[in-house]
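S.K.: Here is what each chain is made of, one letter per residue.
2 protein chains.
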Amino acid sequence: MAKQQKSRFSIGVDYGTNSVRAVVVDAADGSEVGAAVFDYPSGTAGVPLDPKNPHLARQNPADYIEGFYQSVGGAVRAARRHKGFAPEAVAGIGIDTTGSTPLPVDRQGRPLALRPEFRRNPAAHAWLWKDHTSHAEAAEITDLARRRGEPYLAKCGGVYSSEWFWSKLLHCKRTAPRVFEAAYSWVELADFVPAFVTGRTDPDTLPRGICAAGHKAMYHESWGGLPSADFLARLDPDLPRVREHYAVPAQTSDKPAGRLTAEVAARVGLPEGVPVAIGAFDAHMGAVGAGIKPGRLVKIIGTSTCDMLVAPGENQLPDVPGLCGIVPGSIIPGMYGLEAGQSAVGDIFHWFVQHLAPAVFTRDADPHRRLSREAAKLRPGESGLLALDWNNGNRTILVDPLLTGLIVGQTLHTTAAEVYRALIEATAFGALRIINRFEEYGLKVDEVVNCGGIAEKNPLVMQIYADVCNRPMKISRSPQTCALGAAVFGAVVGGLYPDVGRAQRRMTGVKAEVFRPNKAAAQVYAELYRLYCQLHDAFGLRDGDGTLYSVMKTLIAIRDRVR
Amino acid sequence: MAKQQKSRFSIGVDYGTNSVRAVVVDAADGSEVGAAVFDYPSGTAGVPLDPKNPHLARQNPADYIEGFYQSVGGAVRAARRHKGFAPEAVAGIGIDTTGSTPLPVDRQGRPLALRPEFRRNPAAHAWLWKDHTSHAEAAEITDLARRRGEPYLAKCGGVYSSEWFWSKLLHCKRTAPRVFEAAYSWVELADFVPAFVTGRTDPDTLPRGICAAGHKAMYHESWGGLPSADFLARLDPDLPRVREHYAVPAQTSDKPAGRLTAEVAARVGLPEGVPVAIGAFDAHMGAVGAGIKPGRLVKIIGTSTCDMLVAPGENQLPDVPGLCGIVPGSIIPGMYGLEAGQSAVGDIFHWFVQHLAPAVFTRDADPHRRLSREAAKLRPGESGLLALDWNNGNRTILVDPLLTGLIVGQTLHTTAAEVYRALIEATAFGALRIINRFEEYGLKVDEVVNCGGIAEKNPLVMQIYADVCNRPMKISRSPQTCALGAAVFGAVVGGLYPDVGRAQRRMTGVKAEVFRPNKAAAQVYAELYRLYCQLHDAFGLRDGDGTLYSVMKTLIAIRDRVR
Chain G
1 MAKQQKSRFS IGVDYGTNSV RAVVVDAADG SEVGAAVFDY PSGTAGVPLD PKNPHLARQN
61 PADYIEGFYQ SVGGAVRAAR RHKGFAPEAV AGIGIDTTGS TPLPVDRQGR PLALRPEFRR
121 NPAAHAWLWK DHTSHAEAAE ITDLARRRGE PYLAKCGGVY SSEWFWSKLL HCKRTAPRVF
181 EAAYSWVELA DFVPAFVTGR TDPDTLPRGI CAAGHKAMYH ESWGGLPSAD FLARLDPDLP
241 RVREHYAVPA QTSDKPAGRL TAEVAARVGL PEGVPVAIGA FDAHMGAVGA GIKPGRLVKI
301 IGTSTCDMLV APGENQLPDV PGLCGIVPGS IIPGMYGLEA GQSAVGDIFH WFVQHLAPAV
361 FTRDADPHRR LSREAAKLRP GESGLLALDW NNGNRTILVD PLLTGLIVGQ TLHTTAAEVY
421 RALIEATAFG ALRIINRFEE YGLKVDEVVN CGGIAEKNPL VMQIYADVCN RPMKISRSPQ
481 TCALGAAVFG AVVGGLYPDV GRAQRRMTGV KAEVFRPNKA AAQVYAELYR LYCQLHDAFG
541 LRDGDGTLYS VMKTLIAIRD RVR
Chain W
1 MAKQQKSRFS IGVDYGTNSV RAVVVDAADG SEVGAAVFDY PSGTAGVPLD PKNPHLARQN
61 PADYIEGFYQ SVGGAVRAAR RHKGFAPEAV AGIGIDTTGS TPLPVDRQGR PLALRPEFRR
121 NPAAHAWLWK DHTSHAEAAE ITDLARRRGE PYLAKCGGVY SSEWFWSKLL HCKRTAPRVF
181 EAAYSWVELA DFVPAFVTGR TDPDTLPRGI CAAGHKAMYH ESWGGLPSAD FLARLDPDLP
241 RVREHYAVPA QTSDKPAGRL TAEVAARVGL PEGVPVAIGA FDAHMGAVGA GIKPGRLVKI
301 IGTSTCDMLV APGENQLPDV PGLCGIVPGS IIPGMYGLEA GQSAVGDIFH WFVQHLAPAV
361 FTRDADPHRR LSREAAKLRP GESGLLALDW NNGNRTILVD PLLTGLIVGQ TLHTTAAEVY
421 RALIEATAFG ALRIINRFEE YGLKVDEVVN CGGIAEKNPL VMQIYADVCN RPMKISRSPQ
481 TCALGAAVFG AVVGGLYPDV GRAQRRMTGV KAEVFRPNKA AAQVYAELYR LYCQLHDAFG
541 LRDGDGTLYS VMKTLIAIRD RVR
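Those protein sequence lines, which keep their order, are chains G and W.
Residues 1 to 563, numbered by the numbering used here, are exactly what the first sequence covers, in order.
Residues 1 to 563, numbered by the numbering used here, are exactly what the second sequence covers, in order.
Bear in mind the hints are in silico, worked out from the structure with no lab data behind them.
Stretch by stretch, here's where chain W covers chain G in the computed footprint (C-beta under 8 angstroms, at least three residues):
#	stretch
1	340-348
2	355-361
3	377-387
4	392-406
5	409-420
6	519-531
All C-beta atoms in this analysis are idealised placements derived from N, C-alpha and C, irrespective of residue type, glycine included.
When you get a sec, could you build the whole thing from the sequences and use the hints?
M.R.: What follows is the structure in C-alpha cells.
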C-alpha cells in the first residue's frame with residue numbers, strides 16, 4: 001500500500017492492573033479514532049493470587065505481550081473505520097504501565113516466567129505494584145539508608161516502600177533464591193514493553209525510563225544514578241549484579257526507546273519502524289493527558305489517588321517531605337515531576353457501601369448514586385461528623401501504612417448518608433493536606449484537574465473537593481487520560497510536535513463544566529479542616545501534641561497478635 | 001367476705017415511660033401470681049410530643065390515675081385465678097416511677113392538667129424525665145451553685161441536669177408563667193401516685209420520698225433539706241414558694257405514705273386501708289428487685305443504663321465526682337444509695353441497626369441476633385477497632401451531654417459485625433470506667449447483676465461485659481425487677497418483713513447461669529481498656545493530655561450553627 005497519508009495519528013497504550021487499553025488518536029486535537037481493551041487472561045482479573053498470602057500479587061508476563069498484540073491490533077482495526085486513518089499515518093507510540101512492577105529477565109531480556117521451569121513459580125512472574133510481600137525488606141532498606149546517612153530517600157518522602165523495585169528484588173533473593181540466581185537482571189514493566197516491541201531487550205543496553213528509575217529505584221543523577229554497589233551489597237551481596245546490568249542514564253519519555261520490529265508491527269497491523277517512546281507510569285502519562293503544567297495539580301482518582309504536579313527547573317527544588325517522589329523529567333521533560341497520593345479514596349466509598357450501607361441504598365443498582373443524592377442535601381458541618389481518610393493508611397504526607405480510619409461526632413440520629421458524606425469530606429481534607437504540603441515548599445497549586453470515574457460521575461464529590469480545597473475543580477476532557485498521555489508521547493517521538501507542552505496544548509483539555517468553590521461552604525470547611533488537622537497530627541505524628549500516636553499502632557499490634 | 005387468708009402477698013406498681021405495670025407477688029419467694037400492663041393512651045406511646053420541639057416530652061397526669069386503676073385492678077383480677085390468693089391477703093403496695101417527672105398541682109394537690117383551662121397546655125402536664133427543654137436553666141443552676149460555693153452539687157456529680165426538678169420548674173416559670181402562677185406546688189410523679197391513692201394530696205403534708213428529693217431536687221439533710229430560699233430566689237423570686245409547700249423530712253420507702261382510700265380500693269378490687277409505701281424511682285426499686293447489696297452493682301440496661309450501688313453507713317461516704325447522685329436511704333434505708341449511668345447502651349445498638357447495618361442483617365426478623373452471632377465469632381482485639389460509647393453524651397463519669405461517638409481502627413475490610421462488636425465493647429468499657437470510679441473512692445464492686453431485655457436476651461453482650469470488667473456477670477431472676485422491687489417495699493410496709501434486706505433475701509434472686517470472665521479475653525481487654533481510657537480522657541477531659549477536648553465541642557457548635 002502506497003503511503004498516501006501524512007502522518008497525523010499516534011497511539012497510546014495503557015497497561016492497567018487488570019487489562020491493557022490502546023487508543024489511536026488524531027494528534028491534531030487528541031480525539032480518539034480507535035480503541036481496544038484486552039483483559040489479562042491469567043488469574044483473577046489478570047492477577048494470579050495466593051489464597052494463603054493476601055499480600056502477594058503477581059502477573060503473567062505472557063499477558064503483557066499478548067496484550068500489546070491484541071489491544072494495539074484491535075485499536076488499529078477499529079481506527080480503520082475512521083475516515084482519513086491509515087496505519088501508515090501513525091507517527092509514534094507511547095506506552096504507560098503500572099509500577100513499580102519489576103520482572104526478572106534472562107541474559108536475552110526474556111522474562112523468566114516464559115521458561116518452562118519457571119512458568120508456575122510466582123517469584124519468576126512480574127511483581128505487581130500492589131504486591132506487599134516485601135514489607136520487611138522495605139523497612140530494612142529505609143533503615144540502612146538512614147543509618148548510613150544516604151541521600152537516597154530524600155526524593156521519595158523519606159521512607160522506602162514495600163511496593164518498590166529493590167524491596168521486591170531483595171524479597172525474591174531471600175525467599176526464591178533460585179529465581180534470583182537465574183535472573184540476569186530485573187526490568188520494570190514500563191521499560192519491558194517498549195524494549196520488547198522494539199527488540200531492544202538486551203538488559204545491558206535496554207533503555208530505562210527516568211520515571212520508574214527515579215520514583216521507585218532510588219535513581220538520581222546527583223548521586224550517580226542507582227544507589228551505590230556498596231549500599232546494595234550491604235543489603236545482599238548479589239544485589240549489585242542488577243545494578244551492573246542496568247543501562248544509564250535513565251531517559252525521559254520524549255525520547256524513543258526504539259522502533260517497532262517487523263514481527264511486532266505485522267502482528268498489530270502497523271508498518272515496521274514506527275518509533276516507540278521510553279515508557280513511564282500510568283499516573284505520570286495520565287497527568288500529561290490531563291494537561292498538567294506548573295500550578296495545575298492533576299488528581300487521578302480511583303481506588304486511591306495519584307496527585308501529580310510539575311515544577312520548572314531541574315536543580316533548585318527543595319526536598320518535600322512526605323512525597324512519593326520528586327524526579328526530574330518523570331512527567332514532563334525539563335521539569336520536576338512530583339508525585340503524591342492518598343492511599344484510599346474510591347476504596348473507602350466502596351468499603352462503606354459494601355459493609356455499612358443499609359438496604360434502602362444497596363437495593364439500588366448504584367448505591368453510590370443514591371447515597372450521594374441524600375448526602376448532597378446536607379449542608380457542610382450539618383452532620384457534626386468528622387473522619388480521617390486512613391482506612392488504607394496514609395501515603396502523603398505521613399508515609400505510614402500502619403494508620404487506620406477514624407470517625408467522630410456520631411449521635412443516635414447519625415444517618416448513613418451523613419457518614420458517607422463525612423467520608424467524602426475526609427478524602428477532600430486529605431487532598432487539601434497534600435496541596436498545603438506542596439505550597440509550604442513553594443509549589444503553588446492554583447487549580448486542580450481531576451481524572452477518573454469518580455471525578456466524571458460524582459458531582460457531589462467534586463463540589464466538596466472544590467469547597468474544601470477552596471479552588472476550582474476541573475475534569476479532564478478525555479475519560480482515558482493515561483492512554484491519551486501515552487499518545488502525546490507517541491506524537492512527540494513521532495515528530496508531530498517538538499515538545500510535550502506543545503503537544504499537550506493541542507491534544508488535551510478539560511470539560512467545560514468547572515466546580516467552583518462556594519464561599520459559605522468554604523468557610524465552614526476551613527473550620528472543619530482545622531479540626532481534621534488536629535486529629536491528623538494527634539494520631540499521625542509521632543511527636544504530635546497528644547499521646548494518641550500509639551493508639552492506632554497498638555490496635556494494629558493487638559490485632560496482628562490475636563489473629 | 002370474711003378474712004380467711006393470712007396476708008402473704010404484696011403488689012408492685014411500676015410506672016414506665018410508655019406504660020404502667022402492676023404485679024401481684026407471693027411475698028414468700030417473690031413469685032408472680034398476677035400482672036397487668038396499661039399503655040398510656042395519650043400522645044405517641046404515652047408521650048404527647050411537639051413536632052416543633054424535639055426536646056419536649058410531657059405526659060398526661062390523667063393517664064397515671066387511670067393507669068393505677070387499670071393495672072392494679074387487672075393484676076388483682078389475674079391473681080384471683082391463682083390458688084391461695086385473695087385480695088384480703090395483700091399486705092401492702094409499693095410504687096416506683098420514672099423521674100425526675102414533676103407535675104404542677106393546685107392547693108388540693110390536684111394536677112393542674114386536669115383542670116379544663118389547662119388541659120391543652122403542655123406546661124401544665126407532667127414534665128417527663130427525658131424532657132430536655134430546660135438545658136439553659138440547668139446550666140444557670142449549676143453556674144449559680146458554683147459561683148456561690150454551695151454544696152448542693154456535691155451529691156449529684158457536680159452538674160445539675162436539664163432533666164431534673166428545679167430546671168423544669170424554672171423553665172416553666174420563664175416560658176409558661178400562667179401555669180407556674182396557678183401551681184400551688186410541684187410534685188414528683190413518684191410522690192404523686194402514693195399520695196393520690198392514699199388521699200394525702202395536700203401539698204403541705206404530702207409525703208415526699210428521699211429518692212426523688214435527694215437525687216433530683218438537691219435535697220440533703222446536711223444543708224437542711226432543699227436548697228435555701230435565698231438560693232432559689234436568686235434563680236427566680238417565685239421559686240421559694242415551692243420550697244414552702246414541700247413537707248420535710250423526705251422519707252425512705254420502707255415507710256408508708258398512707259393507706260389505700262375506700263374509693264381507690266373499690267376501683268382496684270382491694271380492701272380499703274392497704275398500706276402504700278413512699279414512692280421511689282424505677283431504677284432504685286429495680287435495684288432492690290435485683291437483690292442489690294454492698295459490693296453488688298446492679299446494672300439496669302435498657303436504652304441507657306442505671307448503675308446502682310449501695311454502701312453501708314450514713315455519714316462517712318466521700319463525694320464521688322461524676323455520679324448522678326449519692327443519697328442516704330434512696331435505695332435501701334440505712335445505706336447510701338449511689339446512682340451512676342451510661343447515657344446510651346441499647347440505643348447505640350439500635351442506632352447501628354437502624355442506620356448502618358446492611359441488608360444481610362436487617363432482613364432478619366431480629367437483626368441484633370444475626371449481628372451478635374457474627375460478632376461472637378470474633379476474638380477480642382481481632383477487629384482492630386475501638387469505639388467511644390458517647391453517641392448520647394456521657395453521664396458517668398464525665399457528666400457531659402456535649403460529647404459524641406467515635407470509632408477508630410477501620411480498614412477497607414472492616415465488617416458490620418466488627419463495628420457492632422466494637423460498639424458493644426465500647427459500652428462495656430464505659431461500664432468498667434464507672435466501676436473503677438466507684439472503687440477509686442473505696443466502694444468495692446465484686447459482682448454485677450444485670451437486668452433488662454439486653455441482659456436477658458444477649459449472651460454475647462454479657463460475656464463481653466464479664467471479660468471487659470473481669471467480674472462475674474449475673475442476671476436478675478425476675479424479668480420485672482422494678483415492679484418486683486416495688487413489691488418488696490409493699491411487703492415491708494405491709495409488715496411481712498422487718499426490713500428490706502430480709503425481704504430481698506426471700507423475694508429476689510439471680511438466674512443460675514453466670515457469665516464468668518475468660519482469662520485470655522480479659523487480658524486483651526485490659527490492653528484495649530487502656531487505649532479506651534486514652535481516648536476517653538483526650539476527648540472528654542478539659543485538662544486532658546492532648547488538645548482534642550475541643551474537637552467534639554467545636555463539631556457540635558458548628559452543627560448547631562449551620563442547621
